[in-house]
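Sequences are here, hints too, so could you generate the full structure?
Chains A, B, C, D and E, in that order, are what the protein sequence lines are. Using my numbering, you'd call the opening residue of the first sequence number 1 and step up by one each time. Using my numbering, you'd call the opening residue of the second sequence number 1 and step up by one each time. Using my numbering, you'd call the opening residue of the third sequence number 1 and step up by one each time. Using my numbering, you'd call the opening residue of the fourth sequence number 1 and step up by one each time. Using my numbering, you'd call the opening residue of the fifth sequence number 1 and step up by one each time.
Note that these hints are calculated values from the structure, not bench results. Since the model is a prediction, treat every value here as computed from it, not as a measurement. Ideal Cβ placement from N, Cα and C applies to all residues, glycine included. A couple of the hints might just be wrong.
To be verified - Cut-off 27 Å, straight-line C-alpha distance, at most; resulting in silico cross-link-like pairs (DSSO-like, lysine-lysine): (1) C:Lys-2 / B:Lys-42; (2) B:Lys-2 / A:Lys-142; (3) B:Lys-42 / C:Lys-168; (4) D:Lys-215 / D:Lys-273; (5) B:Lys-67 / C:Lys-215; (6) A:Lys-130 / E:Lys-245; (7) B:Lys-42 / A:Lys-86.
Stated by the list, open to error - Computed from the model, here is a short list of chain D residues facing chain E with C-beta under 8 Å: (8) Arg-41; (9) Tyr-45; (10) Ala-62; (11) Tyr-96; (12) Leu-100.
Said to hold, decoys possible - Computed Cβ-Cβ distance ranges for the label pairs, DEER-style: (13) B:Lys-155 / A:Val-211: 55 to 61 Å; (14) E:Gln-69 / C:Asp-93: 45 to 51 Å; (15) E:Glu-161 / C:Gly-143: 52 to 58 Å; (16) C:Ala-180 / D:Asp-159: 38 to 44 Å; (17) E:Gln-69 / B:Ala-180: 25 to 31 Å; (18) B:Lys-155 / A:Leu-107: 35 to 41 Å; (19) A:Asp-48 / B:Ala-180: 49 to 55 Å; (20) A:Asp-237 / C:Arg-160: 55 to 61 Å; (21) B:Gly-143 / C:Arg-160: 46 to 52 Å.
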Amino acid sequence: MKEKVAALTERIVPNGRAMILAYDQGFEHGPRDFLENPESRKMEYILDIAQKGRFTAVVVHAGLAEKYQSEIQDAKVPLILKLNGKSELYTGDDPYSPQLYSVADALALGATAVGYTVYSASKYEDQMNKEFAAIIREAHNKGIPAIGWMYPRGKSLTDRELASRTIKMALEEREHTNLAIDETYPIVAYGARIGLELGADIVKIKYTGSVESFKWVVQSASPTKVVMSGGPKTKTDEEFLTMVKEIIAAGAVGIAVGRNVWQRKNPLIISEKIRQIIFGS
Amino acid sequence: MKEKVAALTERIVPNGRAMILAYDQGFEHGPRDFLENPESRKMEYILDIAQKGRFTAVVVHAGLAEKYQSEIQDAKVPLILKLNGKSELYTGDDPYSPQLYSVADALALGATAVGYTVYSASKYEDQMNKEFAAIIREAHNKGIPAIGWMYPRGKSLTDRELASRTIKMALEEREHTNLAIDETYPIVAYGARIGLELGADIVKIKYTGSVESFKWVVQSASPTKVVMSGGPKTKTDEEFLTMVKEIIAAGAVGIAVGRNVWQRKNPLIISEKIRQIIFGS
Amino acid sequence: MKEKVAALTERIVPNGRAMILAYDQGFEHGPRDFLENPESRKMEYILDIAQKGRFTAVVVHAGLAEKYQSEIQDAKVPLILKLNGKSELYTGDDPYSPQLYSVADALALGATAVGYTVYSASKYEDQMNKEFAAIIREAHNKGIPAIGWMYPRGKSLTDRELASRTIKMALEEREHTNLAIDETYPIVAYGARIGLELGADIVKIKYTGSVESFKWVVQSASPTKVVMSGGPKTKTDEEFLTMVKEIIAAGAVGIAVGRNVWQRKNPLIISEKIRQIIFGS
Amino acid sequence: MKEKVAALTERIVPNGRAMILAYDQGFEHGPRDFLENPESRKMEYILDIAQKGRFTAVVVHAGLAEKYQSEIQDAKVPLILKLNGKSELYTGDDPYSPQLYSVADALALGATAVGYTVYSASKYEDQMNKEFAAIIREAHNKGIPAIGWMYPRGKSLTDRELASRTIKMALEEREHTNLAIDETYPIVAYGARIGLELGADIVKIKYTGSVESFKWVVQSASPTKVVMSGGPKTKTDEEFLTMVKEIIAAGAVGIAVGRNVWQRKNPLIISEKIRQIIFGS
Amino acid sequence: MKEKVAALTERIVPNGRAMILAYDQGFEHGPRDFLENPESRKMEYILDIAQKGRFTAVVVHAGLAEKYQSEIQDAKVPLILKLNGKSELYTGDDPYSPQLYSVADALALGATAVGYTVYSASKYEDQMNKEFAAIIREAHNKGIPAIGWMYPRGKSLTDRELASRTIKMALEEREHTNLAIDETYPIVAYGARIGLELGADIVKIKYTGSVESFKWVVQSASPTKVVMSGGPKTKTDEEFLTMVKEIIAAGAVGIAVGRNVWQRKNPLIISEKIRQIIFGS
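What follows is the structure, given as structure tokens:
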């Protein structure tokens, strides 16, 4: 099955480079993300960008994967099925994103890979590690790659009193930079490493603000491949494209981007620019 | 199985329009809902309304579905089996409505569709998303549609300090209107969209108070179909009928109504008026 | 299987009347209930009353059902196996009575019906509804009736601040009467209705203090049959017998009684008087 | 299977008398129990006492049962496998002793009976009742007896404000005696009765300080057999032997003793004295 | 299967001596452990040390075990698969390290033994005991040894008010020494004994600071084999090597060491010195 996993990973990361279109925001953030460009609420619109922008994969939850199964197949863009999800409506506790679908569901829906978010540092880290570990085992047994959204998050990250050594290092890094705590290299590298330790084929992580620090992150996760998470829309195209250049320089294989593409007026223009940086053509 | 799901959905939403009679209130609110019209405590009475009022479906829990299985069959009104439920007696925490029945139970009881309530924003959102996601997978695998009662509810909705962006938008909307927080469009649209993301065929949601805002809700859920929840009895027939007109204008396929029909002295008169608006005949 | 369930229900409710001997108190209250009449601690003594008093069923937990299986068979009194139970020793929280036995266990022990307690209004209502719903499904699939001990109980019942409409009505009723909150008709009727909604064949509930109010309770549960719970020993025989007369007048099918029989010096005398009221012979 | 359960019970309680050597303290209290007589840390030493002292059974957890399986077999002392266990290291909450092994594990390890501790009155009473009930069902289905360590314990036992009637009686009893709350007859009798109600073949319980009160305990549990728990080492041999005499006088079948045997300098001398009292030879 | 377990144990503990290379720190502490010697972040580097340093086993989580399966096989160093794990990012509660992999996963990945951490004294001790007990049963049924990382940890260890007798002894020991509470002999011996009681073949524990006290620990665990946990890098080689000498003198079979080897500039030099002490050659 290792060869099958490798072959499907190669579909998403052709020639060692990936440019993934993320579209799980309808669940994670809700329709407010579509207000900037109302067309973006439609799966047809997203699929059109994915196809014309030559993205190497598209990420959705099962509802859209099922309702647009034939359209996705026709578009010939590999599907990454996100297996867990949560809304932003409950805010009273550390995050937990429960597994909603199985690897078998993903295969039935025609997925090329499965995705799962782990909020390390959350009070519910244990449940998510457990779920993602089981998903990776099952995915690899069935010959399909597994991708980790590795996002350390939770009250512990800023609790000075109980801070572990990693967190002390992160708090110090934050003081020297203008990064949020979950963008500091000790935290991002740890999340990425957990992806490797659990057996993920690819990890999706935040940028740490510099080529040098991101290089350490990439090395900590290696041989698991690294893609940068696109994040909220930047003020300018340049701002976003600079990040893409830097993470490629640091050894990442590419990005998984949503809002920075489909919230813009002309998603295909920025898609083309991103493609130039990642694939050089 | 997709064709079978579509065919059964068509039974509940003939010609793209739905008029569903809700009768899960004995569980959800208790017998106090029957005091206004004591006859309404009887399933025979409800079935009579459903049949004579030409409702496109009736919603009950398993106890009534089983005890009146042959009467329901005779009435030829499609049955929607509600798979979860809770009383209003426990008030100490955010709501959780546990799954009580399986899709297999629903099929054994002759159901045309299954229903499930998701209280997004509740502390127990994760459990309900998990249960509803599994129900939808199983329902679609067995060729039966799934309907989501999408009702964001819980302390987080009004917690300004921890508010996510969606909640901030909702709190602002509430200030400009006389809507409750769970009737504002950012909240209702989010709940509806989660229905789509999870794969529901139909979502039942609250009215947002205006055609324009409800249009956005319907678009956020599309291609999942939208029915408005009837809610508590309005003071006048007009008040209720106006809402029905507005949600149809906004693109909804119809309503799921209980108290506004069977708490009235003559349920068939209002049923006929509703029918005129929804079906035009 | 419906015919089989009906036939076994008929054994417990012959001619539409039931007189059930409850003996789960050794678990629920402990040996202190046996101090008034020390002989009552013995199953042999209870079986003797059941047989000579011509009770239509006896209720026990699995330990006694198993150890006295042949004696129960010889006595020819139908057995109702109580599937959940709890002691009165833990008092720190709302009640939860966990399922201890399966429907299959009950069948293996020769039971004619299964029983289960639901403490609606408890923080753990969701778990009990879930367990009882599954028990009823399985019982009916295996052709055996299910009886609900429907006892709303918990802190929410008297929490004025968070009170739902049902609870507000109950608090008001309590002010006009000398009833405990869980004896008021809004609460008792709700518990009974949940029994119907879940599919119970018989519900065992508290008396609401008047024929009129209990009539509403019986109607709210109909067509599920209603038996009154005997409760703690009354000061006089008359006091108890009056209640029996009233609940029969209100439409209940009978009673499930323990302490008011076996705590008395001569259990057979009161049994005979109860029989006269319920069966008229 | 009833005959098989009876036959194996007879092996542990020959001629209606039992003298069981308990050796689960390494788990429950830790090595500190072995400091008084360091040889007692060794299973070989314990087995030698069991054999030469003619104990009717020995109690261990699965680790020792497995590592000394052939030695136990050679010693011809029936094995009682303890299926749950906990250390004394976590002290922050009411006790819960989780099931660690199955009845099938016990059979594979050559056990003659299985044992399980229930801390009634604990916040986790529900879980333990559930586990022990299932163990008894499975044990009896597989033809092996089940023994309950019935030890009510937890904060509720001394909570005057929320006290149930049993607890009020126990608090009163404590005032008249020098007993700990979990040694008073209302509490011990309740624990023993739960053993009967769940179907245990034998219960192991604390002494209540007098023949008369223990007689009530034995009667409350009957026909389940009662053995007294040996408890911590008494100051003198006499003190312990007096208790043994009293519980036999009260109707118990014998004792399950550990520290009062193997913490003494010459365990075989006291074993012989105990034997004389219990078996009269 | 006992012979198979013994044979595989012999591979890890040849001639009764063990020298295990631990490499689960990428998960447990994160990449910060690799900063001292950046090469140590690479599995290739670790495997090279394991092979050239003639370690008797290497410990990793499933991600590395899978990605380097053929390299591990080529290196001919027995693999111990760690079945549970946690990061140091969540600090808000007593530790729980959830089971992530099954014994079957370990066999599929070519493991010679499985490992599991039990944090006795944690609020979650019950879950870990349960998981480890089941792992040992399954491992032994499948013919593979099980190794316990026995690390008592949690708030209870220093809670004087609720302290059990073991904890009181530990608190006293701490006052006489410069040991942390989880290094005192009452705590370490208890953890080790739980390993025996659960059936572990080998336990990995902390050093208690003296030959005499560690002898008691080894005796408390016997016949389960004891290896000392290497812990954080000591200031000098001598400091570490002295500990190794002492634990061997106390009867331990060897050590499981990570940072004290691969954080040093020349890991092979200290490996050779350790080998001399443990194997004498």
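These are the hints, each one checked on the structure:
Taking the CA atoms of Lys-2 (chain C) and Lys-42 (chain B), the gap is about 21 Å. The hint holds against a cut of 27 Å. Our distance criterion of 27 Å between C-alpha atoms is met by Lys-2 (chain B) and Lys-142 (chain A), whose separation comes to about 25 Å. For the suggested pair Lys-42 (chain B) and Lys-168 (chain C), the alpha carbons sit about 24 Å apart, so the restraint of at most 27 Å is met. Using a Cα cut-off of 27 Å, the hinted pair Lys-215 (chain D) and Lys-273 (chain D) holds, with the two alpha carbons roughly 23 Å apart.
The suggested pairing of Lys-67 (chain B) with Lys-215 (chain C) holds, with an alpha-carbon distance near 21 Å, which does not exceed 27 Å. Simply put, Lys-130 (chain A) and Lys-245 (chain E) have alpha-carbon atoms about 39 Å apart, too far for the 27 Å limit, and the pair is violated. For the hint pairing Lys-42 (chain B) with Lys-86 (chain A), the CA-to-CA distance comes to about 40 Å; that exceeds 27 Å, so the pair is violated. Annotation: interface hint on Arg-41 (chain D) holds; nearest CB of chain E at approximately 6 Å, less than 8 Å.
The beta carbon of Tyr-45 (chain D) comes no nearer than 12 Å to any beta carbon in chain E, farther than 8 Å, and the hint placing it at the interface is violated. Because the smallest distance between the Cβ of Ala-62 (chain D) and any Cβ of chain E comes to about 5 Å, under 8 Å, the interface hint for this residue holds. Hint status for Tyr-96 (chain D): holds, given a least beta-carbon distance of 6 Å to chain E, under 8 Å. The interface hint given for Leu-100 (chain D) holds, since its Cβ lies 4 Å from the closest Cβ of chain E, which is under the 8 Å cut-off.
Between Lys-155 (chain B) and Val-211 (chain A) the beta carbons are some 44 Å apart, a value that contradicts the proposed interval 55 to 61 Å. Hint check: Gln-69 (chain E) to Asp-93 (chain C), Cβ distance near 49 Å, so the stated range 45 to 51 Å holds. Taken as a hint, the range 52 to 58 Å holds for the pair Glu-161 (chain E) and Gly-143 (chain C), whose Cβ atoms sit roughly 57 Å apart. Distance hint check: the CB atoms of Ala-180 (chain C) and Asp-159 (chain D) are about 21 Å apart, inconsistent with the given range 38 to 44 Å.
In this structure the supplied range 25 to 31 Å is violated for Gln-69 (chain E) paired with Ala-180 (chain B), their Cβ-Cβ distance being about 58 Å. In this structure the supplied range 35 to 41 Å holds for Lys-155 (chain B) paired with Leu-107 (chain A), their Cβ-Cβ distance being about 39 Å. Between Asp-48 (chain A) and Ala-180 (chain B) the C-beta distance comes to about 38 Å, which lies outside the given range of 49 to 55 Å. For the hinted restraint 55 to 61 Å between Asp-237 (chain A) and Arg-160 (chain C), the CB-CB distance of approximately 58 Å keeps it satisfied.
Checked against the hint of 46 to 52 Å, the pair Gly-143 (chain B) and Arg-160 (chain C) passes, with Cβ atoms roughly 49 Å apart.
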